[in-house]
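4 protein chains.
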Amino acid sequence: MNKIKQVAVIGKGGEINEELKKIAKELGEKLVENNCRIICGGRDGIMKEVCKGAKKAKKYREGMTVGILPTTKKETANEYVDIVIPTGMSYARNQIIVLSADVVVGIGGGAGTLSEIAMAWQYGKKIILIEKSGGWSEKIAKEEKIDEKEREKIIRVKEVEEAIEIIRKI
Amino acid sequence: MNKIKQVAVIGKGGEINEELKKIAKELGEKLVENNCRIICGGRDGIMKEVCKGAKKAKKYREGMTVGILPTTKKETANEYVDIVIPTGMSYARNQIIVLSADVVVGIGGGAGTLSEIAMAWQYGKKIILIEKSGGWSEKIAKEEKIDEKEREKIIRVKEVEEAIEIIRKI
Amino acid sequence: MNKIKQVAVIGKGGEINEELKKIAKELGEKLVENNCRIICGGRDGIMKEVCKGAKKAKKYREGMTVGILPTTKKETANEYVDIVIPTGMSYARNQIIVLSADVVVGIGGGAGTLSEIAMAWQYGKKIILIEKSGGWSEKIAKEEKIDEKEREKIIRVKEVEEAIEIIRKI
Amino acid sequence: MNKIKQVAVIGKGGEINEELKKIAKELGEKLVENNCRIICGGRDGIMKEVCKGAKKAKKYREGMTVGILPTTKKETANEYVDIVIPTGMSYARNQIIVLSADVVVGIGGGAGTLSEIAMAWQYGKKIILIEKSGGWSEKIAKEEKIDEKEREKIIRVKEVEEAIEIIRKI
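Those sequence lines, one after another, are chains A, B, C and D. Residues 1 to 170 in UniProt numbering are what the first sequence lists, from first letter to last. Residues 1 to 170 in UniProt numbering are what the second sequence lists, from first letter to last. Residues 1 to 170 in UniProt numbering are what the third sequence lists, from first letter to last. Residues 1 to 170 in UniProt numbering are what the fourth sequence lists, from first letter to last.
Chain A extracted, bound-state conformation (with noise of 0.2 Å):
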């Protein structure tokens, strides 16, 4: 199957900082560049910095960023996402991003991005946490793993560049 790999990209919503923006936007450029289609939650901060980012991929073309939202409104969605699926089923929607994923890549993150990092471990998902990102992601990756789950440990890389060398392989 030579399908696109889809991504899913998890990090804190709202407000965050120009160095949180800067590894969104790059994650979101090279991994349209490598032919990946984003999965997020379409609202604002990182889920709109990686969309944005996916936009100046020079291989970019309309239907590779995937909004999944936690309302019940198209209207809710950042405007960089091409394809907005509303759940309406608040933080469950969670589960949905993760499910939808190939692997899962996680930049910074407060409470939300814990829960689907522990979602994406209790799913089997591969998972990808960028170190030098801080928050969850960050302390996450230091343990490798979340419990006592037979499965691929959590893949710890510093740059955006080294995710991306992972999810090439894949």
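If you're looking for bench data, these hints aren't it; they were derived computationally from the structure. Among these hints, one or two may not hold up.
Copies of the same chain look alike in the list, so a pair counts if it works inside one copy or between any two.
[Stated by the list, open to error] For lysine-lysine, the following DSBU-like pairs were computed, each having C-alpha atoms within a straight-line distance of at most 30 Å: (1) K56 with K158; (2) K145 with K126; (3) K153 with K30; (4) K149 with K74; (5) K3 with K139; (6) K169 with K153.
Bear in mind that the values here come from a model prediction, so they are computed numbers and not experimental data.
Given the coordinates of chain A, work out where chains B, C and D should sit on it, guided by the hints.
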């Protein structure tokens, strides 16, 4: 906003007859020719045929078919789905199909389709039902409304082409 | 297993007429007299009256009414609900009401009730519809089945007492 | 409002050691002695032991244990659950457990428990974690907060009795 329209196509899964297959395929092809993205339940029956039809369209490009699955597994999507969204939420995924739609089009259908039409009504979505396709689409088309809620009536069309005409004008 | 039966009562929310209120209250009272726990959507209309009726039963004790809410807030339950389960999942909570039931009883009803009857059918639940209550309960009762699925037909009863007789024998 | 408090007890499913079983049973028993209803995931491990403990309480009466299941089947609940709520929503049911709670108490725990603690934080729920129980309850208890959100800190207790003291005062 000149975003691509998201059209949910709902109808029976499992075994369907040749007449229904033809309608679903025609709808899929014409939706894509008219620059609409297809949102469906991602399984077999109507869902498979509409995605199959989409791929025949001259204007078809990767990403035009989205399958929102009841299961937790991407592998359970039919082969014509480009973007696979497993929800792990059983039939509660029907809500997500309906909420993702700018317009919902019904073809034939049993209990699952009926629940989707009912939800689409509740969420105020524009609903088009193809009368000659039989099943609940035909029955509900004749009623024109589902309850006393003040909202646009259900649009009853005879042929696929008529549905496309209406969608073009949205 | 001599567990208390869980009976889902479904019907219109919002404003309802005196006749429907009476039916819902009678049903609530008689279900509890017959040692059945009531599962409902926890809001107003039929849901409120059935819980109100439950509290009139001589055999009533705390915990006999369960409200499964579409919202994230316990405070949105009606005052007669003992056990409040907010889902935060909008109308997708209808699936949970139906799955919790040993038997589903429908009174009148609009689009929401229709979606619940349809889901109850899909999940193979025993369905009893009170004909004289009108709405979708009456319409679907006349059909006796929703699609070609091989399963027990829908049970059409005239009065609450008749529904209780059937539930007693389960 | 003097409604019975709804306490969500979260912790690892599957095999658990004797020490954890003891804690869970003690918590179950004492919660019911203090007129609290237990909300849990309805499966085995901590969920089973807490329900088992509940039934030892002198003040126990039918209806004090509620199991919110990931599956579509009532039969998958453990035998100590009085009220069975199958969601058919896989781990997304964790949201419902948390939303149903007036207070969430964590015992030990792996990835599932971690996702529940994270969601409880997001939804502003009061969280009590039993430190000596290990797992994520211990780790998160030490952090006292999950992210920068302004809300009440996580309450870290050594023993079950301490948790009960706090719950009594709510």
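Verification of the hints:
1. K56 with K158: Classified as within: same-chain Cα gap 23 Å, cross-chain 44 Å, threshold 30 Å.
2. K145 with K126: both (12 Å within a copy, 27 Å between copies)
3. K153 with K30: Within one copy only: 24 Å inside a chain, 39 Å across chains, cut-off 30 Å.
4. K149 with K74: This pair counts as between: shortest inter-copy Cα distance 22 Å, intra-copy 37 Å.
5. K3 with K139: neither (33 Å within a copy, 39 Å between copies)
6. K169 with K153: The answer is within: 17 Å in one copy meets 30 Å, while 42 Å across copies does not.
Violated hint: 5 only; the structure is consistent with all others.
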